[in-house]
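Undergrad: Spelled out from the first residue to the last, the chains are:
Protein chains: 2
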Amino acid sequence: MFDLIRSGSITSASGFLAGTVHAGMKSTDQLDLAILCSEATCKAAGVFTTNQIKSAPVVLSHRHISKGRAQAIVANSGCANACTGKRGLIDALAMAELAAAKLGISPEEVLVASTGVIGVPLPMDRIRAAIPRVKLTKRGGHDFCRAIMTTDTRPKEIAVIVDSKGGKFTIGGVAKGAGMIHPNMATILCFIATDALVSGDFLRAALHKAVDCSFNMVSIDGDTSPSDCTFVLANGSAGNEPVDFDNGEAFQEALNTVCTHLAKSIARDGEGATKLIEVMVEGAEDQLWARRAARAVASSQLVKAAIHGNDPNWGRVVAALGRSGARVREDKLDVYLNEVCVVKQGSLFPFNKVDMITTLGNTDNVLIKLCLNLGDGKATAWGCDLSEEYVTINSAYTT
Amino acid sequence: MFDLIRSGSITSASGFLAGTVHAGMKSTDQLDLAILCSEATCKAAGVFTTNQIKSAPVVLSHRHISKGRAQAIVANSGCANACTGKRGLIDALAMAELAAAKLGISPEEVLVASTGVIGVPLPMDRIRAAIPRVKLTKRGGHDFCRAIMTTDTRPKEIAVIVDSKGGKFTIGGVAKGAGMIHPNMATILCFIATDALVSGDFLRAALHKAVDCSFNMVSIDGDTSPSDCTFVLANGSAGNEPVDFDNGEAFQEALNTVCTHLAKSIARDGEGATKLIEVMVEGAEDQLWARRAARAVASSQLVKAAIHGNDPNWGRVVAALGRSGARVREDKLDVYLNEVCVVKQGSLFPFNKVDMITTLGNTDNVLIKLCLNLGDGKATAWGCDLSEEYVTINSAYTT
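Protein chains in written order, with this note's numbering: chain F, 89 to 487; chain Z, 89 to 487.
Accuracy of the hints is not assured; some may be wrong.
For identical chains, the list gives no copy identity; a pair is met inside one copy or between any two copies.
[As the list claims (entries may be wrong)] Simulated pairs of lysine-lysine, PhoX-like, Cα-Cα distance not exceeding 20 Å: (1) K432 to K457; (2) K174 to K432; (3) K174 to K420; (4) K457 to K352; (5) K466 to K297; (6) K466 to K432; (7) K457 to K441; (8) K457 to K420; (9) K466 to K420.
Calculated directly from the structure, the hints in this document are not laboratory data.
The shape of chain F in the complex, shown without the other chains (with noise of 0.2 Å):
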């Protein structure tokens, strides 16, 4: 129902121009400030982090998507406007006005992300200086995926074509990774542009669905950022027949595609991790438990860890299962890494040790399935492997 873009990216959809630039939050020359907008209005979902300690951005931006339209999204790295009291909403709608002046739009309009240090206020005078600077350009997409990367070591876009009963529409999608470097914080940033026409309820509801098995099934380790936030613009221009909950059912798989991609990199590119650990629960009581169940695991640190040393170490696996909540049969359970069977019914299925390390250690892709047996509850969770690199980039004070 739809295909991959070769070498696609958040200005893939029609009608959509990126430019960047470096205004001196990041060290050396590096992008950190980005502008994305859209030729005309869009509509606009959003979901924001459920940490009560929320940046001045996420505030903001959370104000101005709840009427459901806007044109442009202004994000930078290096600094994350949080902890900043009142001067950082002053700062974030500054950021927002500077743009929209750029833009020649309302600063209603426009969305505003930051990422990088807390409690540092924003450098207002460099952002002054360098949203005028900005250039968009219907290539710029790469480059504001580079602008917002932090400690990310990979960039993390993708964009699908959908060819739908109703049309051709296009997603793209772009989003930073956890990654936090004294005294940065964890974050996830993701921002989508669609060319689709799409009714706005639709697309709120689209995104929701889409971020509940994609983002909010990764755990890179455990804590949540006060500038989390995932935006999608939608303005239209595919001239597709608009797409509603009675016609949805493409559009929402292929969001989920692209949500999940970019959820999978995250992981994959969690700090300090080699390998990508993928948890499917299978026969929970219900879709909630099952999604609990697959968090607890994917997030379990002894799991992680022994991951990283290649150990197929079932007995972490089936404790942090025991301590999720889900309702759990030890009689019935079944565990499985990698498609073999290590346990059966609750106990240890011989397995050849030696063979399992060695496949452990020569893939950066490890599954590990549990199927519980009581239900119909299904879910999948992402979580990479904890090394002593994360540690060390994680405990290093640099001034």
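Chain F is already provided as a structure; the job is to place chain Z on it using the hints.
TA: Below, chain Z alone, put in the same frame as chain F:
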């Protein structure tokens, strides 16, 4: 109201004896099997893991203690007897029967606890040969403590003598901490023996209260084990006026002290740990939220890594608080690091960073205090720093 007993142990209270042997479950000739026995039957209470995967000894001891009576504990290290199916239960019962036969009491008066490898059956031939060799003595308490250690680097034991209005009595306690080398599980075992005369209902309530403010406020790595349990035995031989709800304050206070001491010892001795982290929350809406907030900060991987690097990264503390679920008003929040204010009303309160780094580097006790200024809720939690050593220990596959 009470005094610490120098070199106190689980046999400090009158009428308790202990003995240990090397049965052959731990390598070399380390002690790995231990019996604690009272000369008379005891009032008994227990608290067990909330993990839905429960080890066989947990299932059996839960059944035995439900009558509120016990006279002995038989414990081993080196094998957890968890995820061992029906055979596990048969073996746990056999262990109780062997100890009962040696002591001349009913198997139902014996509690069983095992810690160590998961998914592997107990070597019953070795246990059968070992139990008759155990010699019970008044001085056996310290060896009992050593025999239940797995990767603990230090023994964890304490005893206090209480001089209450109703007479003197003694409470001794011992615990093993959270150590995991492949394929062991993180486990807490704690046993408390007192000669106080105490009502069974009060004993149960007092133990739950004490565990709630001690072991339930410790986090090494967020994982709970199928083997966790805490038992208290009270033989009444001190001849004090019976302790009950109306006069139990001194008993409760002493029991809290014993459990808190053991809980802090466990946190301090967390694998790879170099520092004890104490998180005090004050001014939360209520105690429940204060507890959750304190635990969230104490168990935050990012906070733990920062403390390891002597990094006063208050942003991570605030972010962990924010995701705890406790209501927080950013503009009312104050944060102190080792008594130095670093956040006032939600924003950076200027402090000397160089001094702070030096202070953190020179201590192995870090106090993080959060004042929410919303209500009367207070709680303290304990954890430890996250070191590269932790990852090395827990990712190394050893055959």
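Undergrad: Next step is simple, just say for each hint if it's right about the structure.
TA: Evaluated hints:
1. K432 to K457: within (12 Å within a copy, 47 Å between copies)
2. K174 to K432: Between copies, since 14 Å is at most 20 Å while 57 Å is not.
3. K174 to K420: between (55 Å within a copy, 13 Å between copies)
4. K457 to K352: Classified as within; 17 Å inside a copy, 36 Å across copies.
5. K466 to K297: within (15 Å within a copy, 38 Å between copies)
6. K466 to K432: For K466 and K432, the Cα distance is within 20 Å only inside one copy (19 Å; across copies 45 Å).
7. K457 to K441: Within one copy, since 17 Å is at most 20 Å while 46 Å is not.
8. K457 to K420: This pair counts as within: shortest intra-copy Cα distance 14 Å, inter-copy 45 Å.
9. K466 to K420: within (16 Å within a copy, 42 Å between copies)
Every hint from the earlier list agrees with this structure, and none is contradicted.
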